[in-house]
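Enquirer: The listed protein sequences correspond, in order, to chains A and B. For what it's worth, UniProt numbering labels the leading residue of the first sequence as 1, then goes sequentially. For what it's worth, UniProt numbering labels the leading residue of the second sequence as 1, then goes sequentially.
These are computed hints drawn from the structure, not numbers from a lab. A portion of the hints provided could be inaccurate.
Copies of the same chain look alike in the list, so a pair counts if it fits in one copy or across any two.
[Unchecked claim] Capping the alpha-carbon separation at 20 Å, the derived lysine to aspartate or glutamate pairs in EDC-like fashion look like this:
{"hint": "1", "residue 1": "K209", "residue 2": "E316"}
{"hint": "2", "residue 1": "K191", "residue 2": "D97"}
{"hint": "3", "residue 1": "K65", "residue 2": "E222"}
{"hint": "4", "residue 1": "K356", "residue 2": "E67"}
{"hint": "5", "residue 1": "K348", "residue 2": "D203"}
{"hint": "6", "residue 1": "K191", "residue 2": "D141"}
Protein chains: 2
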Amino acid sequence: MKSAVSSLVRSNNSLISRTLLYHSSKPISQSPFFLSNIPKNLFNQRYQKLQFSPNSTSIMASLSKSEQAREPPALPLPSPPLTKFKIGLCQLSVTPDKERNIKHVRKAIEEAAQKGAQLVLLPEIWNSPYSNDSFPVYAEDINAGGDASPSTAMLSEVASRLKITIVGGSIPERCGDKLFNTCCVFGTDGKLKAKHRKIHLFDIDIPGKITFMESKTLTAGETPTVVDTDVGRIGIGICYDIRFTELAMIYAARGAHLICYPGAFNMTTGPLHWELSQRARAMDNQLYVATCSPARDPGAGYVAWGHSTLVGPFGEVLASTEHEEDIIIAEIDYSILEQRRASLPFTKQRRGDLYKLVDIQRLNSH
Amino acid sequence: MKSAVSSLVRSNNSLISRTLLYHSSKPISQSPFFLSNIPKNLFNQRYQKLQFSPNSTSIMASLSKSEQAREPPALPLPSPPLTKFKIGLCQLSVTPDKERNIKHVRKAIEEAAQKGAQLVLLPEIWNSPYSNDSFPVYAEDINAGGDASPSTAMLSEVASRLKITIVGGSIPERCGDKLFNTCCVFGTDGKLKAKHRKIHLFDIDIPGKITFMESKTLTAGETPTVVDTDVGRIGIGICYDIRFTELAMIYAARGAHLICYPGAFNMTTGPLHWELSQRARAMDNQLYVATCSPARDPGAGYVAWGHSTLVGPFGEVLASTEHEEDIIIAEIDYSILEQRRASLPFTKQRRGDLYKLVDIQRLNSH
Chain A
1 MKSAVSSLVR
11 SNNSLISRTL
21 LYHSSKPISQ
31 SPFFLSNIPK
41 NLFNQRYQKL
51 QFSPNSTSIM
61 ASLSKSEQAR
71 EPPALPLPSP
81 PLTKFKIGLC
91 QLSVTPDKER
101 NIKHVRKAIE
111 EAAQKGAQLV
121 LLPEIWNSPY
131 SNDSFPVYAE
141 DINAGGDASP
151 STAMLSEVAS
161 RLKITIVGGS
171 IPERCGDKLF
181 NTCCVFGTDG
191 KLKAKHRKIH
201 LFDIDIPGKI
211 TFMESKTLTA
221 GETPTVVDTD
231 VGRIGIGICY
241 DIRFTELAMI
251 YAARGAHLIC
261 YPGAFNMTTG
271 PLHWELSQRA
281 RAMDNQLYVA
291 TCSPARDPGA
301 GYVAWGHSTL
311 VGPFGEVLAS
321 TEHEEDIIIA
331 EIDYSILEQR
341 RASLPFTKQR
351 RGDLYKLVDI
361 QRLNSH
Chain B
1 MKSAVSSLVR
11 SNNSLISRTL
21 LYHSSKPISQ
31 SPFFLSNIPK
41 NLFNQRYQKL
51 QFSPNSTSIM
61 ASLSKSEQAR
71 EPPALPLPSP
81 PLTKFKIGLC
91 QLSVTPDKER
101 NIKHVRKAIE
111 EAAQKGAQLV
121 LLPEIWNSPY
131 SNDSFPVYAE
141 DINAGGDASP
151 STAMLSEVAS
161 RLKITIVGGS
171 IPERCGDKLF
181 NTCCVFGTDG
191 KLKAKHRKIH
201 LFDIDIPGKI
211 TFMESKTLTA
221 GETPTVVDTD
231 VGRIGIGICY
241 DIRFTELAMI
251 YAARGAHLIC
261 YPGAFNMTTG
271 PLHWELSQRA
281 RAMDNQLYVA
291 TCSPARDPGA
301 GYVAWGHSTL
311 VGPFGEVLAS
321 TEHEEDIIIA
331 EIDYSILEQR
341 RASLPFTKQR
351 RGDLYKLVDI
361 QRLNSH
């Protein structure tokens with residue numbers, strides 16, 4: 001494991017409001033409190049304060065211009081339940097033996113927790129080989145739970161027993177006659193807090209290098225996923241989802257502290273784009289990005305690049321690994337988010353008079 | 001000069017339409033042809049073709065979903081007037097002697113053209129020291145032209161004489177009682193084809209590292225700038241404009257082949273974000289990105305990072321330099337754009353049912 005924590009600037013001049021938005025156990029997308037009452041109240045408070053400052057007109061005009069750049073307006077960063085904690089990224093080997101995979105993952109989570117991780121992130125498709133042939137065979141009925149989903153039953157049990165949050169990588173999910181690539185988030189009580197179905201399916205064709213068509217077997221998810229946990233507000237994307245900047249921008253606008261991307265980039269796009277994508281999403285949205293890949297198996301049908309990584313809100317790589325099995329333990333410090341945003345106040349500087357990003361589901365929930 | 005041209009995939013399976021959109025001498029934002037007639041016609045043609053294919057319904061649904069992600073819908077990549085050409089990035093020293101700066105830039109352009117460059121890119125603020133004190137002193141009345149703007153008069157003369165396109169970095173512009181940070185684009189006939197006024201002013205405050213407030217003296221521009229030239233459709237951003245992903249996304253949606261960012265990142269944000277921003281904009285939007293900085297002068301009030309760079313549409317650094325004066329000559333090959341977009345068809349895969357980027361000016365022109 002390499003670790004390169006950058007010592008960057010510190011500042012107390014935060015311009016980002018702390019709010020009382022936080023304490024919901026529901027996924028944020030299900031919270032009416034989140035979707036309706038909060039933004040207006042907060043923005044009103046902001047403006048009322050500004051009306052007493054000497055040059056309030058120009059500041060108001062400028063703020064209003066930047067807030068138009070997100071429809072609905074971006075939410076302020078919520079106060080997380082804790083500021084500093086350790087995340088564990090479990091880059092693990094995956095075999096065709098599902099029972100072994102489940103045991104192996106359980107052991108890795110226990111090891112990460114034992115080393116202090118309060119949040120554990122797992123790889124994309126960790127209970128099954130990554131192939132269109134395997135997805136239907138290894139898929140589980142997550143909604144039915146229990147014996148119908150031994151992989152998520154294990155995650156629930158271990159989260160509850162160890163009192164940690166688990167962003168459970170992904171497994172193939174069967175729901176009726178459809179298959180999804182699905183990430184389950186379990187809270188410290190072992191309850192399923194959110195389920196993200198990969199929104200952007202991995203359909204690429206680089207002749208002579210890599211061709212894969214997830215859409216042959218999988219159905220795309222219909223919902224961006226942001227979830228409030230004991231370790232902050234987390235946006236979820238699975239692998240190819242990281243390609244689409246809009247998803248990360250929506251998560252930032254919904255107040256995410258961290259985006260977790262379980263992912264299995266391949267040997268062609270991995271070296272080109274895996275780290276670059278993570279750093280770009282973190283820098284542009286000024287939040288933490290964590291990724292977790294399966295370990296590389298050169299004998300597998302699909303060879304994963306590896307290189308699970310934690311990136312800080314200046315786009316700096318805080319911890320990363322190579323392609324072998326590894327458990328990375330790294331520190332997240334949410335107080336840095338406000339420092340970074342005060343130093344480079346992109347949020348206040350956007351030109352909502354020229355462009356606007358619409359979060360369609362949040363807009364329709366108003 | 002370092003040069004690291006990646007040998008990446010080649011493919012003829014292009015999914016991007018070539019169109020007859022191209023031959024306009026006006027900036028794209030002024031062309032009614034561009035703004036109204038083309039998109040509908042092209043998309044109709046596209047759909048009519050698809051109706052004859054066996055599984056047209058699902059393809060149409062998917063295309064329609066992805067096209068909703070841009071409002072108005074993204075334009076197809078136009079056929080550029082030429083496919084391969086050389087670009088010259090002139091990373092130059094800037095002094096308080098304006099007359100010397102103008103002569104120095106003229107000489108550099110001549111050298112770049114002599115080495116084969118058909119497009120020359122200059123640094124941000126190349127005729128004046130970069131400081132709020134200097135901007136009013138060095139500012140020129142570009143609209144008045146002639147003696148009122150010796151810097152742009154030189155660019156016009158040299159572009160016409162050498163029959164090259166010049167993206168003229170930027171200079172402080174005076175217009176009435178306002179000052180702007182302005183980039184002029186000159187065509188091979190020496191005519192001013194477009195003028196970009198920096199949209200996002202550089203107001204940052206990283207205590208103990210770098211504090212600069214352009215807005216103390218400068219006014220922000222009001223218009224994204226895309227211009228059709230003899231060397232392709234070019235989007236323009238100045239320095240801090242590169243921070244705002246939406247601007248690059250709008251340029252891509254307007255059919256840009258290349259985005260040019262004259263820029264003078266500093267010694268704090270340069271090492272952190274200069275290359276990362278360029279590579280991210282190129283990778284995410286699948287187009288070329290070229291940047292040009294002043295050479296570093298450790299004795300200046302504002303110390304530029306340097307590192308002018310050309311990035312290809314996979315986010316790969318094609319040519320870059322260190323911080324000293326240098327003229328980089330590098331090859332641009334627009335045929336690669338279509339290959340890259342066929343390999344990774346982000347454009348067709350966006351989820352317009354979940355997010356939408358609105359280009360407000362183009363929308364209002366419809």
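Enquirer: Next, verify each hint and record whether it holds.
Expert: Results for each hint:
For the homomeric pair K209 and E316, the shortest alpha-carbon distance between copies (17 Å) is at most 20 Å, but the shortest distance inside one copy (29 Å) is not. For the homomeric pair K191 and D97, neither the shortest alpha-carbon distance inside one copy (26 Å) nor that between copies (69 Å) is at most 20 Å. Taking the shortest Cα distances, K65 and E222 sit within 20 Å of each other only across copies (12 Å), while inside one copy they are farther apart (30 Å). Within a single copy, K356 and E67 get their C-alpha atoms as close as 9 Å, and across copies as close as 16 Å, so both meet the 20 Å cut-off.
Only between protomers do K348 and D203 lie at most 20 Å apart by alpha-carbon distance; the minimum there is 10 Å, versus 36 Å within a single protomer. With identical chains, the CA atoms of K191 and D141 are at most 20 Å apart within one copy only, with a shortest distance of 16 Å there and 66 Å across copies.
Against the hints set out earlier in the document, a violation occurs for number 2 only.
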